[in-house]
Amino acid sequence: MTSIVKSIIDSFQSFPIDPFLLAVLAILIPGIIIFLIMAVNALIAVYFERKVSAFMQDRLGPMEVGIFGFKGGKKFWGGIGQTFADAIKLLAKEDIIPNDADKFLMVLAPFIIFTGAFLTFIGLPMSDSLVISNFNIGIFYIIAMSSVGVIGIILAGWSSNNKWSLYGAMRAAAQMISYEIPIALSLILVVLVSGHLDIYGIVQWQSENRWFILHSPFAALGFVIYFVSVVAETNRTPFDIPEAESELVAGWMTEYSGFRWALFFLSEYANMLIVAFVASIVFLGGWLSPLQLIDLPFFDIPDSWMFLDGTIFGIFWLFIKAVILIFCMMWFRWTFPRLRVDQLMYVCWKIFIPFALANVILISIWELIF
Amino acid sequence: MSEYFIEIVNGVKTFLTGMKMTLKHYNNKEELVATLQYPHEKWPIPERNIGFENSEYNLIRSRLHVDIDDCIGCLMCEKVCPVDCIKIDTIKPPKGTDVDFGMTSLDTHKKMLVTRFTIDMAECMYCNLCAYPCPEECIYMVGGPNEHKHEIDYEFSQYKRDGLIYEFAEPTEAQFAEVGGESYVESRQSQKQKLEDGANLKGVVEEEKKTIVVDDSKESTKKKEDSGLTLKLFNDVGDKPARGVAKRAFQAAKRGNMDYVTMADYVNSAINDSGKSSPEMTVAIEIIRNYNDETDNTNTPVSVAAESSSETPLMVDSSSKNFDVKSLNDIEDKMSRGIAKKAFMAAKRKNSDTNSKIDAIKLALSEAEKMTDDIGRLLSTFVVSDVASSATAILEAVPELEAGLFDIKLLNVIDDKMSRGSAKKVYMAGKRGNKSTSDVLTDIREELTKSEMMNDDIDNFLNGIG
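If you read the sequences in order, they're chains F and R. Convert by adding 278 to the 1-based position in the first sequence; the result is the number in this note's numbering. Convert by adding 613 to the 1-based position in the second sequence; the result is the number in this note's numbering.
Hints were generated in silico from the structure; no laboratory data involved. Note that the Cβ used here is the ideal one computed from N, Cα and C, for glycine as well. Wrong hints could be hidden among the right ones.
Among the chain F residues that face chain R by a calculated CB cut under 7 Å, a handful are [stated by the list, open to error]:
| hint | residue |
| --- | --- |
| 1 | F333 |
| 2 | W612 |
| 3 | T613 |
Far from chain R by the CB rule (all over 12 Å, computed), these chain F residues [what the hints assert, rightly or not]:
| hint | residue |
| --- | --- |
| 4 | T280 |
| 5 | Q335 |
| 6 | E342 |
| 7 | Y419 |
| 8 | F648 |
All chains should be modelled from the sequences, with the hints used to inform the complete structure.
Structure, rendered in structure tokens:
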């Protein structure tokens, strides 16, 4: 399996180039790609979220700020420039650090959170052979890196020297650590069945057999547990207890402003994209086209249709799946009210973890029988 | 244990119910959307309710409105306004000309042209004091008891502060030409230009611009010098009443476009008549008499206008099928006359032509069941069947044209105010340039086509003249 870093090194090897410079290039180019993906994702997802929320509440959402010739009138494209304007506003805002805050930690915290989201993208393939760097422990790496953010959140809450921030940070830590258990237990199912920690191996297994969500009822249940748990992991409503506006102002983000707050925002939406990618890679066949689902006795898929499974179309399929899942997360957000802290813990420890454990055992038995 | 599973099942069920509900709303059907996109869409403004019957209160704090067709320019409202938010400019037509401004709806003869009637609603304090002294009842707060005159409006949302200054008088170029108000237009234009220049410069005056400004001021001072004798001449005269008499006589003489010798005689006779003669006065008169006018050839626009309008008096002759509110005085029944006049004024405000005015009157009368054969006959005499034919009718009415140029009165047939104005402007320019009829006609045609006001009616009419 090739990766982007590998192909950069290969293609520059033919030039007489300093190895140090080559290393810098191999780091910089993927870094810029990841940052662009995160930034564009935040821009689009914020607009998408605002429109989805508006439509679900019988409003219109942003309608006035046009860009690229879109302006007004059109319901969905009416305010397409809104997020651009918001981003510019955020970057131009004053960066305030309170007097009594721990300045070093407060400056450091957003970058740790951002780094957590940033590093996860390294092991995350966009399509067949379109990955920054390919690990043979891909799933494990992704689980590990997506929990780096918790450290940043606790730092942010502690260093702000603000009761709201500290409460928010403590809640976030409790919530995120708790929900990592059902997430890991659901992802173990696919490792158990396919025998791969490597993401390519997992998708390979799915292309040879079937999408993992269709493997068994336990796999489907695993998907549900995984998906609800990642909504909690990304601190989105109805699990937004850490930043509960009505109780804690903005939780651990209370004292942040301007660019640092923008980094939080960027990471939040990047995390959404990451969990949607992981869900679609592990459970929904990754970059495989849905043609595989068409399994009719009287109809054979002609070979010419198979171009839909190529690398370029792989990006398309993966993004379609991710966008549908992100829409579902927004759908949750604008449907359900916030859970209480005890309800949150009840759902995690008393429902998801027992069910996930039972799932692991039952799917092993299923594998033994079939 | 069973409770545990029941709770889970209930949780999943309610989860799905909620999801279904929001998905249903996600379609975002037009009738469900609650948002009103305010500056683009507006609710109708509701009538105010201050707790009384509509007829019980006569003062509500809404917007001031002026029915400018009824305004006689008496300045009563301007004087009484405690915050000076009303500004009125008027032009009186020069003496000897007979310009008809029509009648108000209370049957007062209008004597002057109101060139500016602005109300600054940002300054207005809604005291309603201007409404009481108005003799024509043409300034009032909209809505409430005046609902039938103007619908309520108390929403003053504007993008700029200037938008709160409401202009009610919109005299056309033709009307300015009729009363000889070119100088007023010029001064207004130059003021506008100055403001515009100021806005463009944004406080930064460039070197080149400066020199231009200096040149302009020089020219304007020159013009002032050119205009020759002014009223200041008489300021040396100690006797106040005598000074007044002299000034009045001087103004009248100037308007009559006399030469300086006759002017001096005129003033002298006026002074002698009033028996206010004094040595200073004699000196002043001598100055006028001996004023060697090297600017004989410079015709100020005012004098030209006065000349032209005195040559072609714009008489409103009832025989020449001009339809105005006076014509309705022939209706005998008081009630129906009132209704007809009201309908006429409403139609006039909409700038409709004679025929539609008559239609509107007929409609109003028949609605009030006051339509009689007499009135119908009277109205039908005013119906303009065809513009071209009426032009020929007027051509017949005007016996013989003076050498070369046709009469400006002919242009009154053009219905559209704007195009009439520009046609008259071109006519005056042609007259000053001593052009022949055909040249002037082509000029008018060109001008109208350029401003896209040309239509078949006007074309026919111009052909009729040629």
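Query raised in the report: F648 (chain F) clear of chain R by more than 12 Å, beta carbon to beta carbon?
Result: It holds; F648 (chain F) is separated from chain R by about 27 Å at its closest Cβ, greater than 12 Å.
Query raised in the report: Against chain R, with CB atoms and a cut of 7 Å, does the hint on W612 (chain F) hold up?
Result: 6 Å, holds
Query raised in the report: Are T613 (chain F) and chain R close enough, Cβ to Cβ, to be under 7 Å, as the hint says?
Result: 4 Å, holds
Query raised in the report: Would you say T280 (chain F) is clear of chain R, with no C-beta pair closer than or equal to 12 Å?
Result: It holds; T280 (chain F) is separated from chain R by about 41 Å at its closest Cβ, greater than 12 Å.
Query raised in the report: Any Cβ of chain R at or closer than 12 Å to Y419 (chain F), or is the non-interface label fine?
Result: Label holds. Min Cβ-Cβ 32 Å, cutoff 12 Å.
Query - Non-interface claim for Q335 (chain F) versus chain R (Cβ beyond 12 Å) - result: 7 Å, violated
Query raised in the report: Non-interface claim for E342 (chain F): all C-beta distances to chain R beyond 12 Å?
Result: Answer for E342 (chain F): violated, closest chain R Cβ roughly 8 Å.
Query - Evaluation of the interface hint that places F333 (chain F) against chain R, nearest CB under 7 Å - result: 4 Å, holds
The structure is inconsistent with the numbered hints 5 and 6, although it conforms to all the rest.
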